[in-house]
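> Single-letter residue listing:
Number of protein chains: 4
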Amino acid sequence: MSTLYAGYQDQIYRSGTAGRRPPFTTDHSRLERAARDVMAPQAYGYIAGAAGSEATMRANRAAFDHHGLVPRVLRDVSERDLSIELFGSRLPTPLLLAPVGALGLAHPDGEIAAARAAEETGVPLVLSTVSSHSIEEVAAAAPRARRWFQLYWPNDTELTLSLLERAVANRYEVLVVTLDAFALAWRPRDLDRGYLPFHRLHGLANYLTDPAFRHLLPKPAETDPAGAVQRWSELFNDASRTWASIPFLREHWHGPLVLKGICHPGDARAAVDSGADAIVVSNHGGRQIDGGVAALDALEAVVAAVGDRTTVLFDSGIRTGADTVKALALGARAVLLGRPYVYGLALGGTKGVIHVLRGLLAELDLTLAMTGHRTPAALDPSVLVRT
Amino acid sequence: MSTLYAGYQDQIYRSGTAGRRPPFTTDHSRLERAARDVMAPQAYGYIAGAAGSEATMRANRAAFDHHGLVPRVLRDVSERDLSIELFGSRLPTPLLLAPVGALGLAHPDGEIAAARAAEETGVPLVLSTVSSHSIEEVAAAAPRARRWFQLYWPNDTELTLSLLERAVANRYEVLVVTLDAFALAWRPRDLDRGYLPFHRLHGLANYLTDPAFRHLLPKPAETDPAGAVQRWSELFNDASRTWASIPFLREHWHGPLVLKGICHPGDARAAVDSGADAIVVSNHGGRQIDGGVAALDALEAVVAAVGDRTTVLFDSGIRTGADTVKALALGARAVLLGRPYVYGLALGGTKGVIHVLRGLLAELDLTLAMTGHRTPAALDPSVLVRT
Amino acid sequence: MSTLYAGYQDQIYRSGTAGRRPPFTTDHSRLERAARDVMAPQAYGYIAGAAGSEATMRANRAAFDHHGLVPRVLRDVSERDLSIELFGSRLPTPLLLAPVGALGLAHPDGEIAAARAAEETGVPLVLSTVSSHSIEEVAAAAPRARRWFQLYWPNDTELTLSLLERAVANRYEVLVVTLDAFALAWRPRDLDRGYLPFHRLHGLANYLTDPAFRHLLPKPAETDPAGAVQRWSELFNDASRTWASIPFLREHWHGPLVLKGICHPGDARAAVDSGADAIVVSNHGGRQIDGGVAALDALEAVVAAVGDRTTVLFDSGIRTGADTVKALALGARAVLLGRPYVYGLALGGTKGVIHVLRGLLAELDLTLAMTGHRTPAALDPSVLVRT
Amino acid sequence: MSTLYAGYQDQIYRSGTAGRRPPFTTDHSRLERAARDVMAPQAYGYIAGAAGSEATMRANRAAFDHHGLVPRVLRDVSERDLSIELFGSRLPTPLLLAPVGALGLAHPDGEIAAARAAEETGVPLVLSTVSSHSIEEVAAAAPRARRWFQLYWPNDTELTLSLLERAVANRYEVLVVTLDAFALAWRPRDLDRGYLPFHRLHGLANYLTDPAFRHLLPKPAETDPAGAVQRWSELFNDASRTWASIPFLREHWHGPLVLKGICHPGDARAAVDSGADAIVVSNHGGRQIDGGVAALDALEAVVAAVGDRTTVLFDSGIRTGADTVKALALGARAVLLGRPYVYGLALGGTKGVIHVLRGLLAELDLTLAMTGHRTPAALDPSVLVRT
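Protein chains in written order, with my numbering: chain Y, 1 to 387; chain X, 1 to 387; chain B, 1 to 387; chain R, 1 to 387.
Simulated from the structure, these hints should not be mistaken for lab results.
The calculated label-pair distances, taken between Cβ atoms and stated as ranges, are:
1) Y:Arg36 <-> R:Arg90: 54 to 64 Å
2) X:Arg269 <-> B:Ala377: 24 to 34 Å
3) X:Gly266 <-> B:Gly266: 31 to 41 Å
Just some of the chain B residues that point at chain X, by a computed CB distance under 7 Å:
4) Ser15
5) Gly68
6) Glu363
7) Leu366
Ideal Cβ positions, reconstructed from N, Cα and C, are used throughout, including at glycine.
Throw the hints in and build the complete structure from the sequences for me.
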């Protein structure tokens with residue numbers, strides 16, 4: 001078992017005996033409140049908020065309460081191994097750092113701090129296209145981190161190819177294409193502040209450093225930042241794409257290709273047929289559509305449709321180790337963690353992210369053990385009762 | 001796509017970059033609280049309140065949470081068209097401004113401001129019989145607004161005919177007859193204040209300007225306002241009407257005839273048989289009966305009964321674009337928006353109403369897109385999962 | 001239609017126009033809070049509290065939310081008649097004042113004030129055995145009130161017969177025997193204050209004036225009140241009674257005999273077999289058992305078992321006219337109102353009780369009308385949808 | 001009927017008449033708040049807290065609300081007998097004091113005070129392995145108390161045998177082996193304080209007085225307490241044990257053997273096959289796993305699997321007499337009470353525990369009577385309706 005997470009609770013208790021409290025809270029609700037207290041209001045609102053009345057975000061959380069884990073005893077779970085097989089290699093845990101845009105909002109070191117936490121823990125970082133630090137900076141700062149690249153697929157072929165080439169050149173292993181964000185969502189917390197980070201030049205590092213993007217600007221971004229933002233917003237995405245667009249990516253990306261933002265069994269089937277290596281069942285953490293189905297409920301439907309034909313990943317609502325076990329039991333191979341690690345980042349940079357990861361993984365490890373399992377792969381729906 | 005609503009979120013973000021926040025909040029709950037802060041308490045209580053313990057109003061809202069929207073991806077929704085066909089012509093969006101009485105309570109310009117917003121947006125205004133400005137004033141102030149007329153069917157034939165004639169003369173296209181308000185409801189917020197706007201001469205513009213009404217007064221309203229109110233309350237409605245009464249309206253109104261306030265499949269069938277062109281499934285926003293069925297649940301039952309034989313409209317509980325998509329998916333052709341636009345009116349007159357409409361329509365447009373649809377007509381129940 | 005309740009809302013609005021607010025609130029939640037503010041804490045705790053964690057009381061209320069009323073339109077409900085047939089005669093409404101002990105806690109006039117409200121409204125008062133004013137005082141103070149007598153069946157034959165004789169002699173028409181209170185319940189609000197009204201000589205008027213009771217005292221109550229309370233508590237009830245005990249009452253009471261506190265279909269059948277004329281489905285307002293089934297849910301089961309063989313009355317949870325319609329629709333012939341009228345009593349004596357009754361009846365009348373009915377007898381379960 | 005609990009409510013009311021309030025509150029929620037106010041924050045956090053987001057603890061409580069008790073009347077329940085048969089002898093009530101570690105956190109007298117309450121009431125105390133007072137001290141202080149011994153099965157044979165021998169020598173009748181706590185759980189209330197009582201030498205009385213344990217220490221605990229804690233934590237438990245481990249205990253413990261912490265029907269079957277005399281359905285009060293199934297729901301599944309083949313006990317969520325009746329009705333022979341008695345202990349030592357027990361038993365006795373039963377054995381699921 002990894003010393004990263006195994007016994008983290010014991011380590012905290014021992015430090016406590018010596019008079020030291022853990023550096024950050026171990027409870028996800030208090031973590032969110034603590035982060036709110038240190039973050040700029042607009043930054044916190046951007047991270048914590050969701051679409052419309054935020055009903056989807058609430059539904060994401062509530063869905064976990066409808067599945068109860070059943071403990072097991074006397075099954076020899078003294079040795080656990082959280083590692084999983086993914087795309088022919090092993091990951092140390094079934095956890096990834098979800099792509100979150102503009103991490104510079106949370107901490108000056110942004111994605112660099114997150115990548116260093118990834119390096120420390122072996123948890124891959126899925127770098128967002130709209131990051132505060134570029135593909136190259138992140139790779140240079142954390143060369144041993146496992147890195148995936150998330151693509152907001154630009155409405156320009158040269159720019160698209162340039163981003164993919166940079167990702168390859170900097171050893172980003174997997175491409176995650178986000179499909180559910182082809183338009184700016186209706187997010188009242190941000191709208192009421194007239195605040196979108198990208199319009200303030202946050203999160204545009206990959207564009208501003210890209211020759212293909214700079215080539216598309218009428219004037220240099222340095223002298224005309226508003227023009228650059230304008231051009232960026234035109235290029236950001238393309239709502240006209242269809243399943244017929246996927247072969248282009250398949251052709252130009254030779255590593256594993258993951259399609260993110262699938263909630264409907266029909267879309268899951270189309271994703272499999274398109275040649276994608278995996279899908280991420282996700283509703284973008286409730287950030288795109290209000291009144292939407294809970295992602296965990298969508299997971300069940302998607303796994304029923306394609307669970308035996310592809311690899312299913314999951315995000316949207318994961319806060320704890322118990323949440324993670326539930327998603328894995330319902331058929332996800334791994335889960336992507338979003339807001340909680342950003343709160344850790346806000347509170348303590350790399351250290352804060354590591355703390356959040358260690359805590360979640362420790363609780364995951366314990367939950368696995370207490371439900372009688374030694375590995376994530378051993379989980380199946382029989383560990384749950386619907387409530 | 002209309003520039004009215006398409007990209008309204010983007011416009012707000014851009015203005016924000018230039019230091020301007022949106023004129024009003026973009027969140028429906030905050031909108032209600034903001035309106036409460038600027039309205040006279042009795043006016044706010046009249047608008048925001050409902051019957052009895054307000055259980056019906058709460059049920060109206062809760063029903064939306066039992067249907068989750070399922071996002072779709074890669075379906076080419078770059079070009080959307082929110083317009084719908086209704087009564088042989090097209091409306092730019094599936095939205096109407098519901099008839100709300102005495103809008104002068106919310107803003108001095110009352111229905112005139114609302115009508116100007118209707119003119120600006122193409123969203124029809126259903127003018128209430130009990131309006132603060134008369135049929136003629138509203139038509140004159142917003143001649144290009146699409147206007148419907150809502151009838152509280154008076155207990156007097158001459159007065160009834162006079163109102164219909166005025167509506168026709170001023171080019172109100174559609175007649176909406178409200179059937180579920182034949183008695184003053186039990187509304188504690190108002191009762192505890194001893195407050196009914198009409199007893200203070202609010203909302204009586206159409207009566208006081210009507211020769212048939214004035215003819216029925218023992219003394220001129222100017223010299224005996226209390227007598228006018230008394231006469232009004234006697235004439236206001238008639239609880240003895242039956243389905244046999246509808247042919248009279250059918251005979252005297254030559255445009256589309258809509259019956260509003262239907263929740264029971266049997267009544268829906270009767271409405272179709274009566275020759276009405278459409279029905280509005282509505283429980284009057286929970287204002288008439290306490291402990292009532294949620295309007296959205298009634299919609300499903302009514303559509304199952306008559307959805308293929310008539311046009312079904314919907315109100316009671318709509319606050320957001322996502323709500324609207326759900327009602328359309330369950331079989332409504334269009335929805336009527338009530339309280340939210342009144343709050344916009346209270347906060348900013350015509351501008352406030354336009355802001356609320358643009359916001360709701362922008363979110364509706366996005367929700368349509370993110371569920372994989374280009375038009376309202378493309379929606380059906382398969383976009384929803386019951387939760 | 002009775003001028004008592006018909007148009008009470010209109011009367012309040014008219015008074016409001018003249019600058020007068022209603023004497024008391026028209027909302028049941030605010031009524032409870034207002035009463036709490038004027039009552040002695042221990043008195044309020046006794047009335048408002050319930051058994052244990054008060055889960056049964058909450059369940060009683062929540063059950064009403066699981067049934068939604070479906071409005072109907074155009075059915076000519078201009079003339080309503082709330083009267084019902086009961087035991088061969090007519091009651092003006094399907095409402096009774098439930099037996100509540102020690103009303104002197106709420107107001108000095110206690111049961112006398114309640115009886116005067118009964119006289120004024122035609123709503124029968126079910127006088128509790130443990131009343132603050134005696135059978136005779138109540139009858140004398142309100143000779144035209146319809147009066148029923150509720151029996152806590154003493155553990156002494158002479159005392160029992162004496163109470164019955166006094167009830168007959170003072171023209172109490174119906175005997176209601178409470179079966180579910182054969183022991184002092186576990187009521188934390190009272191226990192934490194060490195407060196039971198009867199131990200402070202409240203509510204013992206019928207005993208202290210009864211020759212049979214006084215005969216059982218070792219010393220006169222005037223000189224040994226503690227001894228009288230002690231004797232009372234020994235005589236109060238008898239947990240050993242069985243269905244075989246009922247014929248004794250049947251033999252000695254020649255008017256209608258009602259058994260109160262039935263929640264189980266088997267007990268309902270036994271009650272019918274015992275020769276009772278009616279039963280009251282009730283869990284004593286949640287005051288006897290914690291974690292109990294909601295009375296409204298029990299009503300459905302009981303009506304299914306014996307609804308065609310006897311008359312079913314209902315209490316426990318009724319707060320509004322809409323609640324009343326639901327209970328009637330599920331098979332109750334009439335309902336007993338408890339806490340709300342006591343709050344009215346606390347706030348305004350007879351006037352307060354009348355206000356509460358008029359309000360509830362006005363809302364009942366409106367709800368009947370808006371669901372398309374002219375009489376209580378016309379209601380059946382089809383007016384409800386389960387939610 | 002025992003004078004311990006029968007009529008406790010009556011006794012409180014009588015004392016109240018004489019001006020005395022009960023020594024402690026009679027409501028479980030207020031009891032918890034009162035204890036919080038007198039306990040050290042870390043001690044209260046340790047007792048009141050649970051694993052992770054505490055969802056399991058909430059689910060434990062909520063499950064009781066899904067079963068409603070149905071009252072019965074006229075069944076002669078004047079004489080009740082709460083005693084039950086267990087392991088061939090009788091217990092006076094179906095209640096036990098659950099093993100809770102380190103009761104010295106709540107009161108200086110800790111387990112001694114609890115044992116004296118057990119002696120006074122006849123309710124057995126299940127002494128925790130990790131107690132603040134030793135097996136011998138507790139036996140000596142309360143020689144007439146019925147005592148069971150709970151085993152956290154050490155990872156050392158000599159120590160295990162020594163603990164069992166001490167339990168036998170001191171007449172602990174039953175051995176309860178806790179199976180669901182083979183690892184330190186993730187408990188944010190404790191973690192955030194870096195607080196585990198055992199790391200502060202709380203709750204180690206049985207180890208520090210054990211020759212086999214002292215033999216395993218490199219230095220005497222008196223001179224190297226940190227070393228003793230370290231050794232303790234290594235020896236505390238063993239996650240590698242399987243069902244094949246149970247025969248060892250069966251061989252070395254000749255009294256009744258109870259396996260605690262069973263939630264899965266498969267584990268219940270294995271427990272029966274292992275030769276255990278009884279099982280405790282329990283999720284450790286929600287303290288081990290977050291997001292877990294409610295223990296009461298697990299009880300139903302376990303009873304369905306093995307209810308006719310073994311004796312089933314229950315804990316996790318019991319707060320009141322009504323809760324107890326529900327668990328008994330669903331198939332538990334007896335229940336273990338946890339947190340509430342610790343709160344009583346914190347508030348008033350032995351007296352506080354007795355008060356809590358008398359209150360719960362009085363309410364249990366009343367609930368039994370009001371549901372028409374004279375003995376716990378008479379309960380079956382028909383007393384409940386699912387809600």
